[in-house]
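K.L.:
Protein chains in written order, with our numbering: chain A, 1 to 396; chain B, 1001 to 1396; chain C, 2001 to 2396.
Think of the hints as simulated: they come from the structure by calculation, not from any bench.
Mixed in with the good hints there might be a few duds.
Within a straight-line C-alpha distance of at most 27 Å, the following computed DSSO-like cross-link-like pairs (lysine-lysine) qualify [to be verified]:
(1) B:Lys1316 <-> C:Lys2301
(2) C:Lys2332 <-> A:Lys55
(3) C:Lys2276 <-> C:Lys2225
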Amino acid sequence: MSKSTGSCQGFLHYVFDYETPKTLVIPSIRVGFVFRFIQVLVALYVVGYVCVVQKAYQETDSVISTVTTKVKGFAFTNISDMELRFWDVADYIITPQGDKTFFVLTNLVMTPGQTQSRCAELPNPSTTCADDCDCIEGYNDPRGNGIRTGLCENYSSTVKTCEVLSWCPLELDTKLPKRALLAAAENFTVLIKNSITYPKFNIHKKNILPHINSSYLNTCEFSRKTDPDCPIFRLRYIVSEAGEDFQDMAVKGGVLGILIDWSCDLDWWAGKCHPKYTFRRLDNTHPFNNVAPGYNFRFAKYYKTPKGEEQRTLFKAYGIRFDVIVFGTAGKFGIVPTIVNVGAALSFLSLAPMVADWFILTCMKKRDLYSRQKVTYLVEEPEKESTSMSTTYGTQ
Amino acid sequence: MSKSTGSCQGFLHYVFDYETPKTLVIPSIRVGFVFRFIQVLVALYVVGYVCVVQKAYQETDSVISTVTTKVKGFAFTNISDMELRFWDVADYIITPQGDKTFFVLTNLVMTPGQTQSRCAELPNPSTTCADDCDCIEGYNDPRGNGIRTGLCENYSSTVKTCEVLSWCPLELDTKLPKRALLAAAENFTVLIKNSITYPKFNIHKKNILPHINSSYLNTCEFSRKTDPDCPIFRLRYIVSEAGEDFQDMAVKGGVLGILIDWSCDLDWWAGKCHPKYTFRRLDNTHPFNNVAPGYNFRFAKYYKTPKGEEQRTLFKAYGIRFDVIVFGTAGKFGIVPTIVNVGAALSFLSLAPMVADWFILTCMKKRDLYSRQKVTYLVEEPEKESTSMSTTYGTQ
Amino acid sequence: MSKSTGSCQGFLHYVFDYETPKTLVIPSIRVGFVFRFIQVLVALYVVGYVCVVQKAYQETDSVISTVTTKVKGFAFTNISDMELRFWDVADYIITPQGDKTFFVLTNLVMTPGQTQSRCAELPNPSTTCADDCDCIEGYNDPRGNGIRTGLCENYSSTVKTCEVLSWCPLELDTKLPKRALLAAAENFTVLIKNSITYPKFNIHKKNILPHINSSYLNTCEFSRKTDPDCPIFRLRYIVSEAGEDFQDMAVKGGVLGILIDWSCDLDWWAGKCHPKYTFRRLDNTHPFNNVAPGYNFRFAKYYKTPKGEEQRTLFKAYGIRFDVIVFGTAGKFGIVPTIVNVGAALSFLSLAPMVADWFILTCMKKRDLYSRQKVTYLVEEPEKESTSMSTTYGTQ
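Same shape as in the complex, but just chain A (with noise of 0.2 Å):
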């Protein structure tokens, strides 16, 4: 252990001497199992799981996407109060734009010939009335219809009313019909263009693929296995697809997801990255909690009548809410997420020694042995210092 030590060049010395470990090699082999054995874990670890299955190795990205739908169809209606009538897209979508969220109307309440006048309030224990003194002038009852005006009126011939002052005639919801009065728009298509934009990766894709042309375009139908590529749907199809039954729903009305999935692996080539179609109904049909059960809203259109006065027909749509819902993220290999999950692996292979040290000085039989060789234990010279060690806890 004799050294004579370098004067001036000691930086250099310090900066550029390598110090290593001196080793004991343990020609051993279960040792050297144990000590394998937890690499090759790790190793399988990193590149079977972490690579294969997880792609931790690539950085990822949200989608950024623009729908726009066109539904197409017409159907009849012949119904009692109404004669045979004719309804295109004009009539039945409410949402006219083409939008993400469109309204394909199935059902209807409609009352027509509101007026902004006075008349007798739907009958209900706190609306019906024997005389004028029953109904106080100005009152606004949150559940009713209208201000009353203190009077009380005949609704039908037996019962009697407070009147009140509102769009009259009422609305008389209960009237909806038992089968959906647009039965026919489950024979309605829909054309759905929907482009998306990964932004960090400058990936931009239209759901209509390169290789589908016109006339494909102009005959072709969604069906999971036959035509998986085109854009048009047919709404019966999708309701089915959603596990519900068109007519049922069609109803009271629904919310039914377009669900496009457009999770893609950037780093092969692009072409494989195609959107995947999946639809679900979004509304709760849970019988216990469901208030205002189905989907519905009410809409007017306004008239003149020829003497100027304000007139308008109230409807309330009953139909199914279509929300094309785009999602996905996209993973492309980065740098960065390698060097850390290899970085974290590389952590884990530091424990293979760790372990394998451990198993040498206490599972085998010739522990004594090597840890006689390994260990070496600080000798004390006949120094001056060694005091206040040695107070603490005892001689070395």
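Once you've looked at the hints, dock chains B and C against the given chain A.
P.N.:
For chains B and C alone, kept in the frame of chain A given last:
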């Protein structure tokens, strides 16, 4: 250091001989304390911060959501140029479909009876005129209201302005009521139905929680303290939670965000995954750089006169747009983030011996003793190859 | 190597005895260089790539945003079947609410005076007929315009087609003007108000920057070079920035994305967090697989005739739909990603001695010298337990 090299079992030796560092045990409590302290620090960081606080062991997914809204309530107005009038949902909700964005009309400038015709411009310095020569026919002022006909007409008994071809009579939007027309809108309620999906974890949730039944839903009203799970909100409550006054906001309109936070920890039981509602005003209320303060838009209802002429009623609608914004991230235990975080912590554990070694060899009194026993310098044996080195930085 | 084992202080020794590897210093500049070079490489990667380029030390959050839009401008049309007509916002903006998606009407096929009645089908091979026998009553051709009445009527003086029950007269959408009706729409302007939130960092921002005042906003117009902060955009500018010609696009319509990138680095001062505007055409313009090119939809205005009969004006509206798409990610220094990235880099630092050791023992001329002093082989002491090993792979 004598060693008899095995001849033909080289490969087995290469793979399974275990090479372990020779170590020196230093029984110093100070060094040991430094070493253990660093280890404990790293362990505390991993367990405490990474696992408990940040939940970095979790994989995450972003929420996908659908919203339907339904406003209830009615109001009366009684202003000079309109008689007592009843307003219901079909009148004051402009996007009737019950989308995640809905607009409640609160104030109004109405211009009835507009037709495509000619009338005198609204008076301002650039439109007033003395005679026809001041009005160039066909001139199209971007800040005006129509195309000039070239005539100078009486706007009032005192002012003459250029005549324009436009929808006449022109809108006078300075007549905005000081007190909101539909001040009663503060008592309207809105039912928000929100269903969400975390596609990666296949979790579907609704904001109407499973334990809520229909009878509760028919009577409840959201309140942060007493009814935090009720999905029915009074508009006044929403606005006041956002720190605004409903009546102030109703005059000029505004945009109000209903934020639903679906951040979920899916590790324990999914039932803990509840929506949290917050409310924030989203439009600019800063007086300094506030162009077109509030929120309003124009729309028209079109009529035909008995003669077949087109007529419209122009509405400049002021009101509150409510944007239901759903956001959130779900986290669930994932093997890759766990490995990555533990791996990174293990790396920091490898700093502990480095620091302890540095501490031994520089800070301790017995550093020379430790150094002498720990570090060996290479002893040049009397062989011939050490020349290239010595030329570089002197004799070794 | 004599050591007197302490008897009862075992635990203290176990915890606080510090075991450090014995090391050999090799004063070779070549080895030292290899070792330091790898260390510098890792350090450069961490500092340069991870920190500066990728900002991997940051936690990230996705943007939540609200948009309101307001279009201004008016136009005149003067075509054969309509007299000189004035168009304002209420006429040409179809979603009047000023949502993040707005539609500007640019071209139009108008079919006024439709009623539920009977008329001859548009002539095409499947609808022309010679007499009533060619038209099956009740037949409902999905590509036709209504339900057949069974009569064969004169469509024109030369052609006879089957009569259908429908909204008559039928729309003739081949009469689309070659030059866009509202060509003047290119001069309309749109004010976009966008407020965003990064919920994780509690950051709220608006696209109308704090230093902008109202007088500037009343006169400014967005220009990438001169006014990059002005939130008022001329439609022609938007379209030309997307690489399209407004007049071309106006004829058949299209979808145009206004992308607002709110990517933010929140570490320095939040004021640096500015929106960046880009513009892209989003609909398919590929001539090969372009079904229903452009963007159009049908809607109707409903009237009542003085006799109470329902009448409508059908519009096939062509125009440009502008989608304001807000995206972005904010990053802010986070302790977990920092630790993970530094930890991964430290792991790679642990590769440096491995490489250097391999270099010493295989590539250097003095490798035998180094090997002899660094590596010790286990010396079997004359004990009796070394038999199991030697049977496995020979004598050690």
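K.L.:
Are the Cα atoms of B:Lys1316 and C:Lys2301 separated by 27 Å or less?
P.N.:
holds, 19 Å
K.L.:
Is the hinted pair C:Lys2332 and A:Lys55 satisfied, with a Cα-Cα distance of at most 27 Å?
P.N.:
Cα-Cα ~25 Å, so holds.
K.L.:
Run the distance test for C:Lys2276 versus C:Lys2225: straight-line Cα separation, threshold 27 Å.
P.N.:
holds, 12 Å
In this structure, every one of the numbered hints holds.
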